[in-house]
Structures are given as structure tokens and as C-alpha cells.
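**Student:** Kindly produce the complete structure, drawing on both the sequences and the hints.
Just so you know, we're using this note's numbering here: the sequence shown kicks off at 1 and counts up by one.
Check the hints yourself; a few may be wrong.
Using 20 Å as the maximum straight-line C-alpha spacing, the simulated SDA-like pairs for lysine to any residue come out as follows [unchecked claim]:
hint	residue 1	residue 2
1	Lys-435	Ala-395
2	Lys-129	Lys-148
3	Lys-330	Arg-346
Distance ranges between label pairs, derived from CB positions [to be verified]:
hint	residue 1	residue 2	range
4	Lys-30	Asp-166	53 to 61 Å
5	Arg-267	Glu-432	36 to 44 Å
6	Glu-111	Gly-91	16 to 24 Å
7	Glu-54	Lys-129	14 to 22 Å
None of these hints come from the bench; they were simulated from the model. Since the model is a prediction, treat every value here as computed from it, not as a measurement. Note that the Cβ used here is the ideal one computed from N, Cα and C, for glycine as well.
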Amino acid sequence: MQQLGFPGNLRRLIIVFLLVIALIFILFPKPVTLSFVVSKNEVEYWRPLIDQFEAKNKSIRIDLANLSKTKLVNPADTDRLKATYIEGFEGKSQPFDLIYMDIIWVPEFAEAGWLMDLTKELSQQEFKKLELNEFLVSEVDNGYYNGKLYRIPFRTDVGVLYYRKDLLKEAGYSPPETFEDLIKISQALQKQKKVPWGYLWQGRQTEALAAMFVEVLKGYGGFWIKDKTVGLGQPAAIQAVEFLRSTMKQGISPEGITTYEEEYTRRLFRDGQAVFMRNWPFAWTYASSPGSSVRGKIAIKPMVHALGESSGACKGGWGFGIAKTTRHKKAALQAIKFFTSAAVQRQFTLAYGSVPSRRKLFFEPKIVARYSHYPELLNVIDKSWVARPRIPQYAQASAILQKYLGAALNPDENGYPSPQEAMNAAAQETQELLKDM
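**Tutor:** Structure (C-alpha cells):
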């Protein structure tokens, strides 16, 4: 029986065709898609960076998932952003390759096994390409957990004290160094009808309250959690609460300050309603924009402190990790190197008004021309930064502090709870939390 088959020439053509197709797939593979999520207010600033990355890396695409499609988001909803990542980690699809994360998430995410251990996965040459020696030491240090690196810095953050340099100069005052100085200057300028309020801070029960309190606590020589010791019931913590209560009692802060967050306080300060404000560096751009009542009239310095103590500046910041479940480690690392590069940080800083994590950029001429306070901001970071507790249970610890601090700042008509009562309870509950560490 005659066998069926292709003629010799046709067979050769088919083989050549298949080889060409295979070669095309080898030389021009299907683009890898990396996904990460940012909060709504950053989306427009990330688009051009992603376009540039994709233009230089034809085989990699970035899927910028964002929170603008959900009704739960507000302009800076980091809690919802964190929840989105956690939902992804715990779901079956594991949608994220890159993890754009707040500095305080690192211990929790690492302990849960959601992040790739970069010290294990990267070669010495790959580590060198990350240029970690070019970044702020505090930023790099906070990317480690239990001796392993999980996060590469992108932008930094630190709490600062804003003040009206024009009003202080006119009244003959130097910028305050102590809590007493701040109260005295505030009362004097209020008495002169220069401003309605002396000092604005964040008192609403959110992470903003915890971040603000860390700075006042450090200013009295105290601490929140050190190793497994809780400092919330110690004299320094009581003094810190008493100071905050005194700002309301003495009228230098509004009674409603316990409902204020960063956004509302920066709006009041921009409108010329206060001499001093504790806030993050992002408030500078808003206060210096056209239409601001205080444009060109403000300066920054480290937070005030008690006599004989030193300033505290709460450390914040955002950076990139890699999801442990990603199938695209090499592409993810390539993206991180690009997004954390000096050129991209410079571009993002100029566009968004954030603070870079690379030291040299604080003196970059184009950046200093727009943000003249950045060299002083670097001084605040270097000398005064203080970290929130670097523990996996940080979210629970913060919730405990917020609950009892909120109660102490809003006592009933009998003064209950007192600062001592509230902080003792906070210390006891936090100590119980740490038993599982």
C-alpha cells in the first residue's frame, strides 16, 4: 500500500516555516505584564513614567491597577491601598508582581511570606546595580526585616514643623525649640490678632494621630515600643498627652482639632489661620501655590521638644518590593531599577512634589530651585528621624494607641480618662499584643 505524505519540497517548506515561527517567538517573545497598584492621587504622575519604561523595555508592559474605580477611595487612602494588596495576596489569582508599599507595611508583609527576600534572590552584581549606597541610610534600613531586604526606596517622608517666618520676624521671635517656646509665641501672636490659632496638628483617630504622637513622645524623651518593652505608660508618654491637651485648653489649637487630619490642617495653614503646623513635606507645595495666603512666608524645622531632649520626626516613605508569587522576577527587578533611578526620582519629585530617597537629589539644582527647603529637610531627616515600631503587628499596635489616645484627648466632663489612665491602659493592651511575638 502506498504511504501518504507530503512531497519532499513541501515538507522542507513546512519545516522552514515552523522554524521561522519558533525563531520569532524566541526573538520577539510575548511581552511580560507586571502589575501594581497606587492610590488615586498618584495615578496621573505614574503614567508618563510607565510610558518611558515601556518605550525602553519593549518586552515588558506595566498594568497600573488603581483605586480610582472604587467608591471607597479618597485622594490619599493608604488603608484601602493596603487592603487591596492584602486581598490580592490572600486570593487565588495573586494579581500583583510589584508591591508599592508604605514603609510601615514591610514587617507585616514580610512576616506573612508575601514578599520576595531580595538578599536571597539577587546576585551580588544585581545588588550593585540597585545603588543602595546612593540612598538615605534610614530608607534602606527600613527596607530590612530580620536581616533580610524586602523593599527598595522610591520616595521618603518625614514629619516637620511649619512656621510663619514673616510673623516671627516681625514680632522679633526666633523659631521655637521647645514646647514652651511654641506655646509662648502662639499666645503672643494670637493676642496681637495676627492669627486665629497658634498650632495645628492631626488629632483624628487615624494613622496621622499615631505619626504625630511619635514625634511629641520623642520630644519628651519617650518611646512607643523598644524591643519588647512598651513605653506608653511611662512619664514621658503622660507628658506628651498632657502637652496635646494643653494646646486645646490654652486655646492655641482649636477644640475640634481631634477631628482634623493632614488635609484639613494644611488647608487652614494655607489660608493663614495659624502660626505653626505639624505636617508632612507634601503640605509645602500646597502652601506655596498661587492663591495661598502664606506663599513665600513659610519655613520648616524639626519638631519642638522638651528642655534637654531632642526633636523627633516620624519616618514615612514609599518603596517597591516584589511579590513572592510573581513569575516574572527578572522583569520586576528591571522595573524597580528603573523606577528608583535618580532620573525617575527627579522627574517624580518635580512633578508630584514628593521627597526623593536618593541623597544627592536634595541638592539637585532643578529641585532646589522649586523646593528651596529640601537641604533643610535633609537635615531634619538625618538628625531627627524616628521610626514607628517595626513589628508585624504594627496595625494592631497603632489601633490600640489611637483608641486610648483619642479617649485621653476627648475626656468626659469629669476629666476621664486622665492621660495616666488612658496611657496605662494602652500600655497594658499593647504588652498583651506583644506576647505573641
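**Student:** Now tell me, hint by hint, if it's right for this structure.
**Tutor:** Going through the hints against the structure:
Our distance criterion of 20 Å between C-alpha atoms is met by Lys-435 and Ala-395, whose separation comes to about 16 Å. At most 20 Å may separate the alpha-carbon atoms for a hinted pair to count; Lys-129 and Lys-148 meet this at roughly 18 Å. Distance hint between Lys-330 and Arg-346 is unfulfilled; the C-alpha atoms sit about 24 Å from each other, more than 20 Å. Under the hint 53 to 61 Å, the C-beta atoms of Lys-30 and Asp-166, about 60 Å apart, fit the expected range.
For Arg-267 and Glu-432, the Cβ-Cβ distance of about 39 Å falls inside the hinted range of 36 to 44 Å, so the restraint holds. For Glu-111 paired with Gly-91, a C-beta distance near 19 Å keeps the hint of 16 to 24 Å intact. Between Glu-54 and Lys-129, the C-beta spacing of about 20 Å keeps the proposed range 14 to 22 Å intact.
In the structure shown, a violation is registered for the earlier hint numbered 3 alone.
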